[in-house]
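Work the whole structure out from these sequences, hints included.
Number of protein chains: 2
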Amino acid sequence: MAEKTDILIIGGGPAGLVSAGTARRYYPDKRILIMKDVVNGCIPCGIPYMFWSLKNPGDNKVSLDALGKNRIEVVVDEAVKIDRVDRKVKTKSGKEYEYEKLVLALGSLPIKPPIAGIEKKGIYPIYKDMDYLAAVITNLKKAKDVLVLGGGFIGVEFADEISKIKGINVYLAEVLPHLLENSFDEDFSLLAEEKLKSKGVNLLTNSKVVEFLGKDKVEGVRFENGKEMKIDNAILGIGARPNVSLAVNAGLDMGRGKGIWVDEYMRTTDSDIFAVGDCAGKRDFYTRKDAPVMLASTATAEARIAGANLYQLKVVRENKGTIAIYSTYVDGLVLGSAGLTEKSAKNEGFEIIEGKTEGMDKHPGSLPGAGKIKVKLIFSKSSGILMGGQVSGGISAGEIINVIGMAIQQRVSITELETLQMATHPYLTSAPTMYPVVLAAQNALGKM
Amino acid sequence: MAEKTDILIIGGGPAGLVSAGTARRYYPDKRILIMKDVVNGCIPCGIPYMFWSLKNPGDNKVSLDALGKNRIEVVVDEAVKIDRVDRKVKTKSGKEYEYEKLVLALGSLPIKPPIAGIEKKGIYPIYKDMDYLAAVITNLKKAKDVLVLGGGFIGVEFADEISKIKGINVYLAEVLPHLLENSFDEDFSLLAEEKLKSKGVNLLTNSKVVEFLGKDKVEGVRFENGKEMKIDNAILGIGARPNVSLAVNAGLDMGRGKGIWVDEYMRTTDSDIFAVGDCAGKRDFYTRKDAPVMLASTATAEARIAGANLYQLKVVRENKGTIAIYSTYVDGLVLGSAGLTEKSAKNEGFEIIEGKTEGMDKHPGSLPGAGKIKVKLIFSKSSGILMGGQVSGGISAGEIINVIGMAIQQRVSITELETLQMATHPYLTSAPTMYPVVLAAQNALGKM
Chain A
6 MAEKTDILII GGGPAGLVSA GTARRYYPDK RILIMKDVVN GCIPCGIPYM FWSLKNPGDN
66 KVSLDALGKN RIEVVVDEAV KIDRVDRKVK TKSGKEYEYE KLVLALGSLP IKPPIAGIEK
126 KGIYPIYKDM DYLAAVITNL KKAKDVLVLG GGFIGVEFAD EISKIKGINV YLAEVLPHLL
186 ENSFDEDFSL LAEEKLKSKG VNLLTNSKVV EFLGKDKVEG VRFENGKEMK IDNAILGIGA
246 RPNVSLAVNA GLDMGRGKGI WVDEYMRTTD SDIFAVGDCA GKRDFYTRKD APVMLASTAT
306 AEARIAGANL YQLKVVRENK GTIAIYSTYV DGLVLGSAGL TEKSAKNEGF EIIEGKTEGM
366 DKHPGSLPGA GKIKVKLIFS KSSGILMGGQ VSGGISAGEI INVIGMAIQQ RVSITELETL
426 QMATHPYLTS APTMYPVVLA AQNALGKM
Chain B
6 MAEKTDILII GGGPAGLVSA GTARRYYPDK RILIMKDVVN GCIPCGIPYM FWSLKNPGDN
66 KVSLDALGKN RIEVVVDEAV KIDRVDRKVK TKSGKEYEYE KLVLALGSLP IKPPIAGIEK
126 KGIYPIYKDM DYLAAVITNL KKAKDVLVLG GGFIGVEFAD EISKIKGINV YLAEVLPHLL
186 ENSFDEDFSL LAEEKLKSKG VNLLTNSKVV EFLGKDKVEG VRFENGKEMK IDNAILGIGA
246 RPNVSLAVNA GLDMGRGKGI WVDEYMRTTD SDIFAVGDCA GKRDFYTRKD APVMLASTAT
306 AEARIAGANL YQLKVVRENK GTIAIYSTYV DGLVLGSAGL TEKSAKNEGF EIIEGKTEGM
366 DKHPGSLPGA GKIKVKLIFS KSSGILMGGQ VSGGISAGEI INVIGMAIQQ RVSITELETL
426 QMATHPYLTS APTMYPVVLA AQNALGKM
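One line per chain: the protein sequences are A and B, in this order. The numbers in the first sequence follow the numbering used here, run straight up by one, and end at 453. The numbers in the second sequence follow the numbering used here, run straight up by one, and end at 453.
Given that identical chains are not distinguished, each listed pair holds provided it fits within a single copy or across any two copies.
Straight-line C-alpha distance at most 30 Å; calculated BS3-like pairs for lysine-lysine:
{"hint": "1", "residue 1": "Lys202", "residue 2": "Lys149"}
{"hint": "2", "residue 1": "Lys66", "residue 2": "Lys377"}
{"hint": "3", "residue 1": "Lys361", "residue 2": "Lys325"}
{"hint": "4", "residue 1": "Lys452", "residue 2": "Lys325"}
{"hint": "5", "residue 1": "Lys386", "residue 2": "Lys325"}
Hints are computed from structural coordinates only; laboratory data are not their basis.
Take a look at the structure:
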């Protein structure tokens, strides 16, 4: 006999949890059940910081504390089949769950590139599984020469974090000429590169790994240019792909990209089945093309849309599309990016102008703790609409990128930014005469 | 013979400087002259921090470095009369300046309340004059019992700052029941009060000073309830009034409030004369009533509008009105407010709902440097439009209030906030599942 629930959510990561919590608020009388296949999940963005910053890596566990008071049930099991006709999900343990509405929050799987020897011991893809990661941490603390593969956010954050473990030599390998190339223009990438170098990380840009060497356990790598290098451990930080096999097998349409096709309300082609987070396809805010964005913050935004709209379209979304909006942290240096970079906008064919400014993040700049802040904004030249922004600085830069992100999502014009009313304070921001978002807009205006 | 200029700006504070800089970008061929009556002006918001945080108080001087390369000239003189018929300004030194466009950036004057004995020595209004303030600092460093009068931003920041000077007892007197009452609801005011108390500041709320005692120099105060207290110095932090006498004498209309009447483009009733900053009237974003907002950040926003529109209306403003948007800092505690508070919205007659959330500003909360963050948002109940927000936390709160401010100025709806795409990072923000602006919106939605 199938167990009957109203809302069944497959996945216990941020997308699943927020879908459940939102659904509870909008549909107080429905039974809600989360099915997750990992006993101890962890907060995805916190994974690098389990290796050094967190005294107790277990603090990065996904907390299920709020579920009980919201009457959200949890079962640990793995969904193996969706029967759309009878609206049932079959599990690995042999059980069946009947649903009215099904939410797929299946997440993503780390990419394992087709490199010879990648299955050797000591080479770690990043799974969001506490118990798996605990073992990786134990091994890394004994490591000597560690290669981090991939110079995007994950790779950069891992390289920074494990470089703090005593006695480890860290190598960071990236195929492209610069780190963080997909989210930042060169002038910002260089800041991250300088910072990592100053921390003793060995940067290997323009470097493609073609083979992992060694017997059972990895002992070295060979690069495309023939060079070989000794390593004893490697972390794969090259990104992830949507986890969609359950959906594919259920006959749901895939998007033109790699995720499950969803409409503006996160409904798949079966309108009783929703998909949210990394497993769901995303369309770019500006082009409607597939956007390869996989972020916990995006996932939670989608989950809030799905959770509200399960039984009725309650929360209108207005075809906003997905912007890439992230921040990262390299030993005190904060980098944030939202929307298009200069490079990506040009590649896409947009006629743009960019505006830049550099200053201090407190005023006067001699106040204790003051540091440099740099903002770059990208505008459509003829429309005058903000299309993207990048920021580097200290802690405050982590929210300045959200000021920019809000402006992008509201399609703010360059003159609206120029005349923005903002809060400034000596200890917290640049001077009112120098507020960097406004100054970057002014700089761009001068080029129009 | 009158000296001929094109754009004459009276005032060398943030409003005057930004007017000049903006005018230069829009009108590259015009002669621009700033007339200022103080030799060494200082950055208004930095004044409290000249008393302790800045090793060299002179660092808070208004920098004129950018003027030269922008071909902006400066003359130190005091304007005494505007002759609108001949478009001339007469100065104290006897000179005359002819203008095409005149910008009044006259600032404000500190309020001296009609308290008996307020002219005694040792009682300091805050003038934005470096040389005057240097003398005040010298005197305060020898003080024992200092009364700060006024529990708004200025008073709170002064009390925090001078409490760090060794050997000083600080008293902070406020007529209202709580500090920061005009910008924060009670739950946020209490945080500032606790913080100041923990720093040893003696809070005297519900306390009205009726007399300053002593002979030549102040020796004590008497409160309305008859109590007397020994003090040897006092700082007047009760606010300021627009400096408008030059405009009044020139026959320009005053607003219904206390500032010079200006249209949406900062034009006075004489369309060749603009007024910006503290001396200019402001209309509230939500009610069109007079808004008693005097902030350097508001002044610079107005200056950018005026500077662009001097000869032609180039930058459309769309009747936005002024929002109060500030932040303050009390020994590490950051408080920010934008738009209406719950109290001010209710006083005005708005039907509102509020949403609140509390959490940690990094995730997991055990990361080094993590602290509490609290956000409260005010929405119009039937319209669902964001009307105000308050935040308390660490450094990042100083920009979170600007995320909220951007949303207010863009008239963002509660459901748009609920589905906001934002950047989150372990070291920089709350978890994506817990981003406080989104959670406060959700909390409010639950009450709709």
